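Engineer: So you can see what is in the structure, the chains are spelled out below.
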Amino acid sequence: MSGAAVIELTSLSKRYGSTPAVDGLDWSGGRGVIGLLGPNGAGKSTLLRMLATVLAQDSGAIRVFGLDPAVADERLAIRRRLGYLPQEAGLYRNFTAYELVDYVAVLKEITNRPSRRDEVRRVLADVGLTDDMHRRIRTLSAGMQRRVALAAALLGHPDLLVLDEPSAGLDPDQRLRLRTVLSDVGQRATVVLSTHQTDEVAAFCQRVLVLDRGRLLFDGAPRDLAGRAADRVWVSDAPDAGALRSWVTGDGDIRNIGMPPPGASVVEPTLDDGYLLIATEDGART
Amino acid sequence: MTVVLESLTSETPPTDRSAIVELARIESFRMSRRVSIWIGFALSGLLAMTEARNVEDWSSQKYQSLVPMAVLPLTIGVYVAGVRSGNRDRSHRRPPLAEEAPLDGDARAWARQASLLVPVAMAVLLMAVIGVASRIEGGFEVGAGLSRTDSAVHSVFELAQPALAVAVIGAAAVAIGRALRRSGPAIVLGMVLLFFAVGVYWLWNDHLVYTTALLQVQPMGFDRREVIHTPTVIFHDLYLIGLAALFVGLSLRQAPRRRLIGGSIALAVVAVVAQLVVSPF
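Chains as they are written, first to last, in numbering that gives the first Met the number 0: chain A, 0 to 285; chain B, 0 to 280.
Bear in mind the hints are in silico, worked out from the structure with no lab data behind them.
As the structure is a prediction and not an experimental result, all values here were calculated from the model.
One thing to keep in mind: the hints can contain errors.
As the list claims (entries may be wrong) - Some but not every residue of chain A turned toward chain B, in silico, with C-beta under 7 Å:
id, residue
1, Ala76
2, Leu81
3, Tyr83
4, Arg121
Cβ coordinates follow ideal geometry from the N, Cα and C atoms, glycine included.
So that you can see chain A by itself, here it is in the shape it has in the complex (with noise of 0.2 Å):
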């Protein structure tokens, strides 16, 4: 992870109704792929929206390559060096996966034709839709329509790329392209995306962030993320009663987290263990 900061945020917050969804956010990130976990309605989504620059924040500030998306030149700036992959991508249905992400790439100002065809063809091969690109988007399952959204969001080799569940709908050999396709970008620039997949985030992430309530609960590595769980896992017949979590695994044994029992069966923490910890302690804290 490079120390140059491409994203600062100080006291960000933003609320729907009497909802928080980011409380007072302070962070900062630079270069590389940066996983976000949380529950549903963690603040995730809205997080990412903040960062794309379609979403203002009620108080505190986002800094994107230093600039202030709440400023319109430098919101555009931030935009013409931009990525994004929303939940709901919006595509035109009429539109085949070509034609779509031809439109997108003249929407960020890729203009000069053959450049733009050799540049709309590179992010089709890059999620593995070369063999499809002619067709409608309307006729394409929803996996498919997702990459042609991730696609679009390569496109212009971008700085920021910010991904909301970009794994969503895919089958596990496309997961495994995206794994390559985005840590290739992780090299050079910034990837943030949120996920419900820790062995995503273990796979490519160097940084992973927890949110729950919009509030950040971890910011380190994945490893460091299972190790908050080192010496707090054990397995055992049935489940325990002072457990904070109990879950039946595929071999059928029961995995627990929280304080184990004297002569407790203890395991090597996985980043599920670790994540399940902090959100469980910080739900009880609450």
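Start from chain A and add chain B according to the hints.
Structural biologist: Below, chain B without anything else, positioned relative to chain A:
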């Protein structure tokens, strides 16, 4: 605390105009592939031919009805295409496509408005055919008694009205499409209104109303006088230009929205007053 190393100059170049031109080119290409436009164009041609072959029930009938009938289906087709085009980023309760892109909703609205040059060109073609064919055929019967002629032809200014009306309807459709979340009811309502505005053209040929009609049908006849009055037509053309600019302004959200709306309303009002001043009625 992290030091910000990557920073841009505050002198950001404005939105790339060549990108808006390129977007307009793409939108025009898509407009030219709209089925509703081609159905409208074909029906317009068919109606024009049918109307031209009809035997007149009274003098001036063909002169009056040919132009409105020849453009009615095209106006409906343009309206449907315009609403759908303007509504593209509003439908399905989804965010606009590439909301974060440098070309915002206004840039897209400009491009969609520019794409209306395609159906306007179609209307020009239809009117050119009518103008040339009527001159070859020797013109139409207009008037009665001593003022009767059977060689009346539509002036360029009269033939420009349908093309301008198409521009007005298209611009209004794009503005409506951008303003509404659901385009279906707007399309149905608009089609009904267009039928009354263009199809029932004689409703708009009465005192005062003729100044604000979408299509001002000549000859105008009041108190047993029938007159084809070109200065009134010219100012009515100006009124339509004002109306088209007004709807272009209404389809925008930022500058030059207010200037465009103000200027276009002023032009339309001046054009209406000018018609009242120069008109012989």
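Engineer: Next step is simple, just say for each hint if it's right about the structure.
Structural biologist: Evaluated hints:
no.: 1; hint: Ala76; in the structure: holds (4 Å)
no.: 2; hint: Leu81; in the structure: holds (5 Å)
no.: 3; hint: Tyr83; in the structure: holds (4 Å)
no.: 4; hint: Arg121; in the structure: violated (17 Å)
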